[in-house]
Every structure is written in structure tokens, then in C-alpha cells.
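J.: The hints should help you fit chain B onto chain A, whose structure is shown.
In the order they appear, the protein sequences are chains A and B. Following this note's numbering, the residues of the first sequence are numbered contiguously, the last one being 293. Following this note's numbering, the residues of the second sequence are numbered contiguously, the last one being 293.
Careful: at least some of the hints might be erroneous.
Claimed, not checked - As a list, the in silico PhoX-like pairs of lysine-lysine whose alpha-carbon atoms are at most 25 Å apart: (1) Lys-267(A) x Lys-293(A); (2) Lys-214(A) x Lys-293(B); (3) Lys-287(A) x Lys-267(A); (4) Lys-267(A) x Lys-249(B); (5) Lys-287(B) x Lys-212(A); (6) Lys-212(B) x Lys-293(A); (7) Lys-150(B) x Lys-287(B); (8) Lys-35(B) x Lys-150(A); (9) Lys-150(A) x Lys-33(A); (10) Lys-53(B) x Lys-35(B); (11) Lys-214(A) x Lys-150(B); (12) Lys-150(A) x Lys-35(A); (13) Lys-212(A) x Lys-293(B); (14) Lys-53(B) x Lys-290(A); (15) Lys-212(A) x Lys-249(B); (16) Lys-212(B) x Lys-150(A); (17) Lys-287(A) x Lys-150(B); (18) Lys-35(B) x Lys-212(A); (19) Lys-212(A) x Lys-150(B); (20) Lys-53(A) x Lys-33(A); (21) Lys-267(B) x Lys-212(B).
Worth flagging that the hints you see were computed from the coordinates, not collected in a lab.
Single-letter residue listing:
There are 2 protein chains.
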Amino acid sequence: MTVTIIGIGLIGGSLALSLKEKGIAERIIGVDRNADNGAKALELGLVDEISTLENAMYRSQLVILAVPVDVLVELLPRVLDLTGTRQVIADMGSVKANIAAAVDGHPMRSRYVSLHPMAGTEYSGPEAAVHDLFTGKTLVFCDVGKSEPEAVLLLEGIADRLDMRRVYLETQEHDLHTAYVSHIAHITSFALALTVLEKEKEEQRIFELASGGFESTVRLAKSSPDMWVPIFRQNKHNVLDVLEEHIRQLNRMKSLMEQDDFEQFYALIEQSNKIRKIIK
Amino acid sequence: MTVTIIGIGLIGGSLALSLKEKGIAERIIGVDRNADNGAKALELGLVDEISTLENAMYRSQLVILAVPVDVLVELLPRVLDLTGTRQVIADMGSVKANIAAAVDGHPMRSRYVSLHPMAGTEYSGPEAAVHDLFTGKTLVFCDVGKSEPEAVLLLEGIADRLDMRRVYLETQEHDLHTAYVSHIAHITSFALALTVLEKEKEEQRIFELASGGFESTVRLAKSSPDMWVPIFRQNKHNVLDVLEEHIRQLNRMKSLMEQDDFEQFYALIEQSNKIRKIIK
Numbered sequence: 014m015t016v017t018i019i020g021i022g023l024i025g026g027s028l029a030l031s032l033k034e035k036g037i038a039e040r041i042i043g044v045d046r047n048a049d050n051g052a053k054a055l056e057l058g059l060v061d062e063i064s065t066l067e068n069a070m071y072r073s074q075l076v077i078l079a080v081p082v083d084v085l086v087e088l089l090p091r092v093l094d095l096t097g098t099r100q101v102i103a104d105m106g107s108v109k110a111n112i113a114a115a116v117d118g119h120p121m122r123s124r125y126v127s128l129h130p131m132a133g134t135e136y137s138g139p140e141a142a143v144h145d146l147f148t149g150k151t152l153v154f155c156d157v158g159k160s161e162p163e164a165v166l167l168l169e170g171i172a173d174r175l176d177m178r179r180v181y182l183e184t185q186e187h188d189l190h191t192a193y194v195s196h197i198a199h200i201t202s203f204a205l206a207l208t209v210l211e212k213e214k215e216e217q218r219i220f221e222l223a224s225g226g227f228e229s230t231v232r233l234a235k236s237s238p239d240m241w242v243p244i245f246r247q248n249k250h251n252v253l254d255v256l257e258e259h260i261r262q263l264n265r266m267k268s269l270m271e272q273d274d275f276e277q278f279y280a281l282i283e284q285s286n287k288i289r290k291i292i293k
Numbered sequence: 014m015t016v017t018i019i020g021i022g023l024i025g026g027s028l029a030l031s032l033k034e035k036g037i038a039e040r041i042i043g044v045d046r047n048a049d050n051g052a053k054a055l056e057l058g059l060v061d062e063i064s065t066l067e068n069a070m071y072r073s074q075l076v077i078l079a080v081p082v083d084v085l086v087e088l089l090p091r092v093l094d095l096t097g098t099r100q101v102i103a104d105m106g107s108v109k110a111n112i113a114a115a116v117d118g119h120p121m122r123s124r125y126v127s128l129h130p131m132a133g134t135e136y137s138g139p140e141a142a143v144h145d146l147f148t149g150k151t152l153v154f155c156d157v158g159k160s161e162p163e164a165v166l167l168l169e170g171i172a173d174r175l176d177m178r179r180v181y182l183e184t185q186e187h188d189l190h191t192a193y194v195s196h197i198a199h200i201t202s203f204a205l206a207l208t209v210l211e212k213e214k215e216e217q218r219i220f221e222l223a224s225g226g227f228e229s230t231v232r233l234a235k236s237s238p239d240m241w242v243p244i245f246r247q248n249k250h251n252v253l254d255v256l257e258e259h260i261r262q263l264n265r266m267k268s269l270m271e272q273d274d275f276e277q278f279y280a281l282i283e284q285s286n287k288i289r290k291i292i293k
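For reference, chain A alone in the conformation it holds in the complex (with noise of 0.2 Å):
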């Protein structure tokens, strides 16, 4: 099969190099609009060539799109004008009531399927394309009934040879519980660090006692604000529901220390070690 991937970045890459090693891919036709990381995809032997929209779709049965939220709203409907009706297009997305509401409609959005992995690191662009990046994570199928069976059955079974666990979610679940597991913990851990360089200022300091602990928790502050910027626009309204939920409890945690109240302050501690029995 020829698979064709847009946006050839952490994600885009590192599908690439799995598609390749699991067997799924014979040829992989990588499109970005920029020229710097096509050619950095290509040295690095993620792709198998660089090619326009156009040809490259002309050529593949499988479409991929990897890009930030906001590219992908305008260019998903633009790849679908694109499709043939033999060809998949899924796309790897993070918040999809957008994405949906610019597909909705189209004539070909049943060859379309809506993903998203839940995986990632902290770093962008091809460099940061990782082997094995998507094993043992989950993928995230939204709206299946709004798909061909054809189409869904493709992506279940590439799931499964990537040894991906699948879990099915409507579009709006989807962007509610992302906003709880996944995007307030990129909030949380840029605020850290925006924190611990106001009062930090002596960087060395940082440098000599951050513990691994701490790496842990900011370690996130790493991220693209191109890929996560777009992210909370789309997802406002649960990530601001969820962050209101996050300053009130650490208002909470502020108050019982600063009336001395250590008791009530263990037993909100222990009540957030209960996180132990879901997070392995």
C-alpha cells in the first residue's frame, strides 16, 4: 500500500517509520508545506519521497493527515475534495468538533475517519519522529457511524498490527475528556514553569536542584505552542471548565495551609494519591 502523510512532524514521523517497519506501508509519500522539514523527513529516511498534495494523493489509498488543529480544519475539506472514492483519509487531531463541524457534509466524509492517538513527546518537528512511539498507546476512533465500514476496518486493523488499544468516542466525549487527561496537564506544566522562572531567577539554582520530580511535572512546558496554541482555541470551553475546576482546588490546598488546617490538607493528599489505582 501507498500511504500518503501530511505533516511529517513527531507524529507524522513517527507514524511513517511505524508503518514502514510493521509491514503496513510498501511506500511512504511525505507532503509539507514546509520545504526545510520535507527535506529533513526525506534525510532522515521517514519518507520515501516529498511530493505535492495533488500527486501524492493521486498515487496513495491511504491519506494522513498530521498537522496542527488549525491546518487541519482548512485543509481536511480540501483533501476530501481531493478523494476518490477507493481512497481512506484519517486525520491524527486532538480536539475534533471543529474538524468534524468542517467535514460535516462534504460528499466524500464517509471515506474519512477521525483519530487520535493518544501519544507523544515533548518535542516537534521530523527530528523528534520516534520508532515505537504508538505501541501499547491508545487510538481514539470518533464517530465511526459517520464512516464507511471499509474505511473504519483499514484503520482497526493498522491499530492493531501498531498494537494499539482502540476505545470509540463521539466527537463531543471526545474534546470533554481530552480536555481532562490530556490538555489541562500541558496547562498545568507550562504554568509551572512560567512560575519557577518568575521566582527562580538565578537559572543555575534550577539547574543544580531540579529533581526528577520536578523534570516530570514541567517537562511538558516543553511543548510547541504551534501544535498546543491551536489546541486550546478549539477546545476553549472544556479546557477553561476544567482549569477553572484546577485554580479552585489549588485555592483550596492555598487556604487549609494558610489557616494551619494540616489535617483536612492530608486528607486532600490522600485523596489525590487515589489517582494510584488508574495510573499504573
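T.: Coordinates of chain B only, in the frame set by chain A:
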């Protein structure tokens, strides 16, 4: 050398392993007020024997306290009461002001060296002890001017043998910097866990959708309240100061989202990305 370690949990137990493996201690005596922990430490081979404080101290050249900071404040003066002129005492406490005050003016103060290893995991107890916990990590020496050079030299030698980076701080600086770099990250993580547990009632969804990024940010929320509540209590002033800044940063992100000012929001994330050059 015979070494007594008081408190055979994550830190004490890991230290016991390293002191043996690096050939620093011939014999390690464990002291633990929790008899189950003591038996477990013996069973795991972390210590050669379990004994009483008095008996263990009588036979040891070096005594290291690795207990929660609330216990430390009570215990360290008692340990110094039992200390002979050739013995060296050290602690591993994460907040230093109360401990320093508790032993200030003690006739054996100069035999005591105030230490804080910037290392740990979210687990606790003897089963949490791991090999090489300290390799490559920072060991903070506090107020070394108050300890006899001979005592400091012994612990510097041990730090070097364990491949730890040495940093020298006064107590007040230590408590300030660790609030910024370590304690706030725990608050953030506890609050994130509470937020997600509050908003996401479907635990199965958290389990399915949580990616490495979320797990990394929430990891510290598994930490023991027995260790952390005394730290927050003793470092309350500094922690509250940085917590206020953290809430301020989150509120700033929230208002920018509410106002749809994603240009400013982008700039904030770029600013937070500066943590990249400090944390590899």
C-alpha cells in the same frame, strides 16, 4: 565503617544499598520505629540488622537520619544527645529551617551535617528502595560552617563516591529554592490529580485516555502525605509565596483564553518553553 540509618524507607533504604555497593559501609544497622518496615528492610537485604537507636548508635561511626521532617525535628536533638566526639551525624530532610533551629546551640551541633539529596520517586517504604537512586543527582550541604570540617569531609567523600554533584547553601536559601523547584511541583501534581478525579468521574476513561504526558505531570500525586504534609507545614511561608505566583499564572492563562487573546497566550507558552534550556 559501620553506618546506622534511621528510617529505612525509599531514601534510607536506597542509601543503604548504595553505601554497601560502593564499599563505603561494611555494616549497616537499621533503626525504624515501624517494626514491619524494619523486618521488611532486613528481609530485602537493605540492612544487616535492625536494632534500637541506643544500641545502633553506640556501634556506628556514621548515623544518617532519613525520616519525615516532623519526626526529624524531634529525633535529631535526641540523636545528638547520644553522639560521641568521633561520630558523624547527617540528615536527609527536605526543609531545613526548623531542623536547624532544633539543634542550634546543641553541644554536639558541630558533629552534625545538614544534607538534602535532590532525589526520590513517588513511592515510599523499604520496598521502594532502588539501586543508584543518587547517581548523578545533587546533594545539598547546608550551613557547612556550623559543622566540623572533618565531618563535612567525610560526607563530601561519600557524595563523590556516589557520583553526586555537591551544592552548598545556607538553610534559608535552601528552603526558598526548594520551594520553587521541588515543593511547588508536588502541589501542582496533587492539585492536578484532584482536578481530574473531580471532573472525570469515569475512571475507565482516565485509564484509557491517559498518555505519557498526563502520567508524567500527575506522577508526583502518588507521593505519601506522611512525607509531604510535614514538608509543606515546615516550609509553609515559601510554599505559599510560590503557590500564589502559580495561581496567578494560571489565572492569567485563563483570562487570555476567555478574552480569545491567543496571541498573548502564544507568547506565554513561548516564554514557558525557556525551561528547555535549563532542564535537558
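J.: Look at each hint and say if it fits the structure.
T.: Now the hints, each set against the structure:
Between the alpha carbons of Lys-267(A) and Lys-293(A) the distance comes to roughly 28 Å, so the proposed pair goes past 25 Å and is violated. Distance restraint check for Lys-214(A) and Lys-293(B): the Cα-Cα separation of roughly 18 Å lies within the 25 Å cut-off, and the hinted pair is therefore satisfied. Between Lys-287(A) and Lys-267(A) the alpha-carbon distance is near 21 Å, which keeps this suggested pair within the 25 Å criterion. Straight-line distance between C-alpha atoms of Lys-267(A) and Lys-249(B) comes to about 10 Å, which keeps the hinted pair within the 25 Å bound.
Restraint check for Lys-287(B) and Lys-212(A): the C-alpha separation of about 14 Å stays at or below 25 Å, so the hint holds. With a C-alpha separation of about 20 Å, the suggested pair Lys-212(B) and Lys-293(A) falls inside the 25 Å cut-off, and the hint holds. Note on Lys-150(B) and Lys-287(B): the hinted pairing holds, with a Cα-Cα distance of about 22 Å set against a maximum of 25 Å. Taking the CA atoms of Lys-35(B) and Lys-150(A), the gap is near 39 Å; set against the 25 Å cutoff, the hint is violated.
The hinted pair formed by Lys-150(A) and Lys-33(A) meets the criterion: a straight-line CA distance of about 18 Å does not exceed 25 Å. Restraint check for Lys-53(B) and Lys-35(B): the C-alpha separation of about 22 Å stays at or below 25 Å, so the hint holds. Straight-line distance between C-alpha atoms of Lys-214(A) and Lys-150(B) comes to about 21 Å, which keeps the hinted pair within the 25 Å bound. Proximity of Lys-150(A) to Lys-35(A) is assessed by CA-CA distance (about 16 Å); at most 25 Å being required, the pair is judged to hold.
Simply put, Lys-212(A) and Lys-293(B) have alpha-carbon atoms about 20 Å apart, close enough for the 25 Å limit, and the pair holds. The suggested pairing of Lys-53(B) with Lys-290(A) holds, with an alpha-carbon distance near 23 Å, which does not exceed 25 Å. Restraint check: the Cα-Cα separation between Lys-212(A) and Lys-249(B) comes to about 16 Å, which is no more than 25 Å; the hinted pair holds. Only pairs whose Cα atoms come within 25 Å are accepted, and Lys-212(B) paired with Lys-150(A) is accepted, the gap being roughly 23 Å.
Simply put, Lys-287(A) and Lys-150(B) have alpha-carbon atoms about 29 Å apart, too far for the 25 Å limit, and the pair is violated. Pair hint Lys-35(B) plus Lys-212(A) does not hold up; C-alpha atoms about 38 Å apart against a cutoff of 25 Å. Straight-line distance between C-alpha atoms of Lys-212(A) and Lys-150(B) comes to about 23 Å, which keeps the hinted pair within the 25 Å bound. Taking the CA atoms of Lys-53(A) and Lys-33(A), the gap is near 18 Å; set against the 25 Å cutoff, the hint holds.
Proximity of Lys-267(B) to Lys-212(B) is assessed by CA-CA distance (about 17 Å); at most 25 Å being required, the pair is judged to hold.
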